[in-house]
Amino acid sequence: MTSTTSKAAAAPAALNDETILSVRDLRTHFYTRDGVVRAVDGVTFDLARGETLCIVGESGCGKSVTALSILGLIPPKAGKIVGGSIRFDGTELTTESESTMRRIRGNRISMIFQEPMTSLNPVLTVGEQISESLRIHQRLDRRAAWDRAIEMLALVRIADPKRRAGEYPHQLSGGMRQRVMIAMALACNPQVLVADEPTTALDVTIQAQILNLMLELKDRLGTAIILITHDLGVVAETAQRVIVMYAGRMVEEAPVAELLSHPKHPYTRGLIGSIPRRKPGAPRGRTRGRLQEISGLVPSLREAIPGCAFAPRCGFATARCTTEQPPFEAHGPRHYAACWEVARVEAKSLSEPVGSEA
Amino acid sequence: MTAYILRRLLATIPVMIVVALFVFFLLHLTPGDPAAVIAGDDATPAEIEGVRRKLGLDRPVWEQFGVYVMNLLRGDLGTSIFSNMPVMTLVMQRLEPTLVLAIATLTVAVAFAIPMGVVAAWKADTSVDRVVMGFSVLGFAVPVFLVGYILIYIFSIQLRWLPVQGYRPLSGGIEGTLRSITLPAFALGMTYMALIARITRASMLEVLSEDYIRTARAKGVATPSVLLRHALKNAAIPIVTVIGIGFALLISGVVITETVFNIPGLGRLTVDAILKRDYPIIQGLIILFAGAKVLVNLLIDISYTFFDPRIRQ
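Chains as they are written, first to last, in the numbering used here: chain A, 38 to 395; chain B, 27 to 339.
One should not assume that every hint holds.
[What the hints assert, rightly or not] Which residues of chain B face chain A? A partial, calculated answer using Cβ under 7 Å:
| # | residue |
| --- | --- |
| 1 | D84 |
| 2 | K245 |
| 3 | N260 |
| 4 | F332 |
| 5 | P335 |
| 6 | R336 |
Calculated directly from the structure, the hints in this document are not laboratory data. Small disclaimer: the values here were computed from a predicted structure and weren't measured. Positions of the beta carbon are idealized from the N, C-alpha and C atoms, including for glycine.
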């Protein structure tokens, strides 16, 4: 249970055919007036064809920056990938030219963004916006691309797709706009779909519909999905494997059931503890007491953090935690965590709070 | 959409009524007896009385106004005091050079300013951006007549590419007209260009930080198409608005430009009329310029519907 093989050794860079995307020690930094922000500071994972991988964490932990790094969309004036590698189907993306990246984006790797309200262009019809990718990547003519766009709208279950294709985003509801985003992202049948908080801005009732639609289309088209979210409820419903990020680093990785039932990292425990849940057998509306919160704030990423980034907020922290960075190593089959105190964490029951009692 | 255009169209009516009122009372607001003012300093009382009767100034004010408005609606802008010609005829004689100058200026300014602004926004905070913005500051700071003289010195006197002064009417062939109007259009267009380039840059910068631009890039859209298809159309409304506002600038600029380049247009007619205190001509020109400005703004309002589908509703 506590064999300490480091992850790099356990999962060597030699890819098997099943791996479509392989990220190794990715580091993306932003340059601000106040100094360098280490938004992503050593992220490593593989994505299998057709797999659903969730990346979880609070805002500002580097989830979205990881996604943008994969697509090569880090604004060049603000920041850049300073280290590591991203291999996609045999191609190294970090050193690839802009024109090659352009042929990959929207074609073989697509992205869905959080805000359906602002992510669609208000002055172009949704049909134009969907057919644009088809005209760029599949060189369809206007007519054929438009017909295919209507098919895509039907695929994402928008009623009356012929009429809707000619409408502008402001004429559609939030849920419909996110369906349009999905149609746009899947139009060219990509191998990888990166969805950055695709349901966060939607009504709860719509959220499940959109998630189910994504999963259904994924199965139908064989797309691998990287789903970025801060919502463990979404994770539980969709993911096969989960990565938990904190302050630009990975703190835990495991298959979804294993992660939710046996979290090894105090931060993961904190996230699980903050989900509202009914006690089994308790009357309706009654949760098991007060929701647990993780006290303290995400640290500033402007200074290099010598030890574990979560240490200042962690109830298990020791002196070593603040000086030495814990390695990301295996603590079980396909279960990795970066924590010096896994044994002590595991000894405590899941319902106990993880915050430091300061 | 039709309702929107109709609303805009109706909104121009009160504006034109106010302009007509103002222009009519212009004469009555000048200090002293309007008839005496018009007749000039050396006029005898009999001459002043003659002017009064001729202009109908002896009748009650409301009646004068009624006659004035009726005449306006028939396209009668009055009669020049000095040449005794209908103001409308004088205006029509001078209209072509000014219209050609205005259109050429607008074309030159927009054709240069929008690409400049787009590139400056795309390359924001680089040397390209600074060159464009430096040029834009210069365009504001240097007066039209100075630009005019510099252009004449370089392109007409030194290089001998273009005529120094004067205007060739369209009836003598379009090439001659274009050659005679090129330098004036650039001289007058400089300020205008600076203004449009600046607002294009600002508006584009704002749009380029929008989420849908990131979406376009994530779709694999190439930069030129991101800038023009996705960004510029969204940035268009402030740009066309400034083009409309700049039209007022153009009218005052026309007077100076026509003087520098010796073009017999409405600007020169205005200056001459003011110097001679030929009130009917001045009044007619104010109505005309105001009407042109209202018309341009109407066109701009209507153009919004082309750029933004949300206004069509």
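Could you check if N260/B really has its C-beta closer than 7 Å to a C-beta on chain A?
Holds: closest Cβ of chain A sits about 6 Å from N260/B, inside 7 Å.
K245/B as an interface hint toward chain A, with CB separation required under 7 Å
Holds. Min distance 4 Å.
Under the criterion of a CB-CB separation shorter than 7 Å, is D84/B in contact with chain A as hinted?
60 Å, violated
Does R336/B meet its interface restraint, that is, does its C-beta lie within less than 7 Å of any C-beta in chain A?
Hint on R336/B: holds, closest Cβ of chain A at ~5 Å, below 7 Å.
Is the hint on P335/B kept, meaning its closest Cβ partner in chain A is under 7 Å away?
4 Å, holds
Measuring from the C-beta of F332/B to each C-beta in chain A, is the shortest one below 7 Å?
Not OK, violated: F332/B not within 7 Å of chain A, min 10 Å.
The structure shown violates the earlier hints numbered 1 and 4.
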